[in-house]
Amino acid sequence: MDIAQIKRLIDLLAHAPIAELEAEEGGRKIRITRGAAQPVTAAAVRAPATRPVDAGAGASPRPQSAPMPEPVQERVIAAPSYGVLHLSPAPGAPPYVTVGQEVKPGQEVGLVEAMKVFNAVKSTQAGQIAAILVEDGTEVEAGTPLFRLA
Amino acid sequence: MTHIPARPSIRSIPRMGGGAWLLEVHDRLGSTSDLCRERLDAGQGANGVAILALKQTAGRGSRGREWSDPGGNLALSVMLMGQGADDVPVGLWPFIAGLALYDAVADFLPAGHRLELKWPNDLLLDGRKMAGILIETGSAGGIAWQVIGMGANLRCAPVIAGRDVACLAECGGDVPTAPDMAQVLLRRLDGWLACHAAQGFGAIRTAWLERGHPVGTKIDVKAGNRQFSGTFAGLADDGILLLHTASGPVRVVTGEVLLAPRG
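Residue numbers (our numbering), protein chains in the order written: chain A, 1 to 150; chain B, 1001 to 1263.
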């Protein structure tokens, strides 16, 4: 499975009313899930797996009975689709948002462009912009965290 | 807020696979795409509705550029939602819309003039821009949408500092009205959608390459602070522009393409 195929799967998930998608090809399996804080995340795992795969490469096995720590859910605004990120509406114009600025749900905070198709990046929740995680003009994948909210 | 005059006229244009485009003809609007976006934001979007303004006062080009309309030109935005939007991968809409625009203009072009698509979907008449497309995408309530805004200089080329633009009227012959051009364009769009459904992007890419700047054309690409120079090497299977440069192949996702003058 090549990058283009993975991108298509991510785009499919981004526009489909499903929470998770799993595909297998040539002994490699990919599972893409839609998270609460981050609309789309991708994680590739190698199949077949004889036991549940740990999240981090090289992580030591964890006894099944051990209590699982709660995952830290960062509040982020993620890229809605693949493309080049624009942090301002036009070249030379002020940015959509700056660090410290309060944003409302649905507020436009950026723009992703691919092949002259423009997709507005909108905040999914209220909060304060704590960090801008990607530089203007960077190519991003669907689901890439772009802003961290305080 | 886009100014909406009372009672636009509505024309129904049958589609190949059943159903119809609904063409709303407004006397005057700020921006046809803005009206589509307002309806989508208000939960009033509808698949297959096309908005035409006989006079557009606040047209938008890509990334904040103004799209000026002195009057008599085409300002049309097509709204696609749900399955209508999902039928085509987002990145392929520029090529399908570009082919429809090319063919619609070609239907009215007198002999002796040259039309050419510039990646991904600017339309050049005898080497000068005469039409452009702005595609916006998003989702509302979990339903994907696209708004395809198309502007074409039919009767008049606006004066834009630093840009060489053309209009169809310069070529002589009968210039269509904007509503007539819109109907032809929607039928052409239908045709290329059917082509994509039947044959996939391969057929679309082949058709684009027949109408676009030839492989081997020297081009510059300005992408933000970066600039690439090289020769056009074709389209990837997802529409990305392939460029041969002195330092190797480059895949261009976005940027302004400048064609070198040709004889």
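No wet-lab data here; the hints were simulated from the structure.
Beta carbons are placed, not taken as given, at the ideal position from N, Cα and C, and that holds for glycine.
There's no promise every hint is true.
Said to hold, decoys possible - Across the chosen pairs, the derived CB separations fall in these ranges:
id: 1; chain 1: B; residue 1: Ala1260; chain 2: A; residue 2: Ala93; range: 37 to 47 Å
id: 2; chain 1: B; residue 1: Gly1234; chain 2: A; residue 2: Pro94; range: 17 to 27 Å
id: 3; chain 1: B; residue 1: Arg1007; chain 2: A; residue 2: Pro89; range: 24 to 34 Å
id: 4; chain 1: A; residue 1: Pro105; chain 2: B; residue 2: Asp1174; range: 29 to 39 Å
id: 5; chain 1: B; residue 1: Arg1114; chain 2: A; residue 2: Glu74; range: 23 to 33 Å
id: 6; chain 1: B; residue 1: Ala1260; chain 2: A; residue 2: Glu74; range: 38 to 48 Å
Stated by the list, open to error - Below, simulated EDC-like cross-link-like pairs (lysine to aspartate or glutamate); rule was C-alpha separation at most 16 Å, straight line:
id: 7; chain 1: B; residue 1: Lys1118; chain 2: B; residue 2: Glu1256
id: 8; chain 1: B; residue 1: Lys1055; chain 2: B; residue 2: Asp1041
id: 9; chain 1: B; residue 1: Lys1118; chain 2: B; residue 2: Asp1220
id: 10; chain 1: B; residue 1: Lys1055; chain 2: B; residue 2: Asp1027
id: 11; chain 1: B; residue 1: Lys1129; chain 2: B; residue 2: Asp1086
id: 12; chain 1: B; residue 1: Lys1222; chain 2: B; residue 2: Glu1256
id: 13; chain 1: B; residue 1: Lys1055; chain 2: B; residue 2: Glu1024
id: 14; chain 1: B; residue 1: Lys1222; chain 2: A; residue 2: Glu102
id: 15; chain 1: B; residue 1: Lys1118; chain 2: B; residue 2: Asp1164
id: 16; chain 1: B; residue 1: Lys1222; chain 2: A; residue 2: Glu108
id: 17; chain 1: B; residue 1: Lys1222; chain 2: A; residue 2: Glu74
id: 18; chain 1: A; residue 1: Lys122; chain 2: B; residue 2: Asp1041
Checked hints:
1. B:Ala1260 with A:Ala93: 37 to 47 Å: Once the Cβ atoms are compared, 30 Å apart, the range 37 to 47 Å for Ala93 of chain A and Ala1260 of chain B is violated.
2. B:Gly1234 with A:Pro94: 17 to 27 Å: 38 Å Cβ-Cβ, so the 17 to 27 Å window is violated.
3. B:Arg1007 with A:Pro89: 24 to 34 Å: 33 Å, holds
4. A:Pro105 with B:Asp1174: 29 to 39 Å: 51 Å, violated
5. B:Arg1114 with A:Glu74: 23 to 33 Å: About 54 Å separates the Cβ atoms of Arg1114 of chain B and Glu74 of chain A, which means 23 to 33 Å is violated.
6. B:Ala1260 with A:Glu74: 38 to 48 Å: Given range 38 to 48 Å: holds, Cβ gap about 47 Å.
7. B:Lys1118 with B:Glu1256: Holds - the C-alpha atoms of Glu1256 of chain B and Lys1118 of chain B are around 10 Å apart, at most 16 Å.
8. B:Lys1055 with B:Asp1041: Violated, at about 24 Å.
9. B:Lys1118 with B:Asp1220: 12 Å, holds
10. B:Lys1055 with B:Asp1027: 6 Å, holds
11. B:Lys1129 with B:Asp1086: 30 Å, violated
12. B:Lys1222 with B:Glu1256: With Cα atoms ~5 Å apart, Lys1222 of chain B and Glu1256 of chain B stay inside 16 Å; holds.
13. B:Lys1055 with B:Glu1024: OK: Lys1055 of chain B and Glu1024 of chain B at ~13 Å, within 16 Å.
14. B:Lys1222 with A:Glu102: 33 Å, violated
15. B:Lys1118 with B:Asp1164: 14 Å, holds
16. B:Lys1222 with A:Glu108: 25 Å, violated
17. B:Lys1222 with A:Glu74: 35 Å, violated
18. A:Lys122 with B:Asp1041: Holds, at about 12 Å.
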